[in-house]
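Mapping to our numbering: the sequence shown position 91 is 91, numbers consecutive.
Using 30 Å as the maximum straight-line C-alpha spacing, the simulated DSSO-like pairs for lysine-lysine come out as follows:
#  : residue 1 : residue 2
1  : K12       : K55
2  : K50       : K12
3  : K48       : K9
4  : K24       : K48
5  : K24       : K12
6  : K55       : K9
7  : K9        : K24
8  : K24       : K55
9  : K9        : K50
10 : K24       : K50
11 : K12       : K48
Label-pair ranges, simulated between beta-carbon atoms:
#  : residue 1 : residue 2 : range
12 : V97       : E14       : 17 to 27 Å
13 : E49       : R92       : 27 to 37 Å
14 : L63       : R99       : 16 to 26 Å
15 : M1        : G76       : 17 to 27 Å
16 : L45       : Q4        : 27 to 37 Å
17 : R99       : G76       : 29 to 39 Å
18 : T2        : G34       : 12 to 22 Å
19 : D54       : A11       : 13 to 23 Å
20 : P52       : E5        : 13 to 23 Å
21 : P96       : P56       : 17 to 27 Å
22 : L45       : G94       : 31 to 41 Å
23 : Q80       : G34       : 13 to 23 Å
In case anyone wonders, no lab produced these hints; they're calculated from the structure. Every residue, glycine too, gets a C-beta built ideally from N, C-alpha and C.
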Amino acid sequence: MTLQEAIEKSAKGELTLLDVREAKELADGGHATGAVHIPLALVPLQAKEKLPSDKPIAVYCALGGRAGMAVQTLNGLGYQAANIGGFADWARAGGPVSR
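I would like the entire structure built from these sequences, with the hints used as guidance.
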């Protein structure tokens with residue numbers, strides 16, 4: 001999934017955005033509008049209660065590394081997840097941001 005596809009699908013409510021950064025990173029720089037926040041370490045514990053299973057999930061972090069790890073975990077849990085890189089990539093591509 002490309003960033004542009006993620007932005008379009010997010011705007012239409014066709015996917016769930018997941019931010020796996022730490023809380024301080026969100027507080028310091030904002031987040032993608034509408035994103036669910038689960039720090040990477042808590043993804044296996046909180047996915048079932050916080051993420052819908054009927055939509056694809058676009059995952060981002062600061063640069064993309066943690067998002068990749070989260071995608072592996074989510075796909076192993078039966079979700080359809082894709083790594084869309086870092087928060088700055090989302091913002092540069094025109095994705096809506098909340099601060």
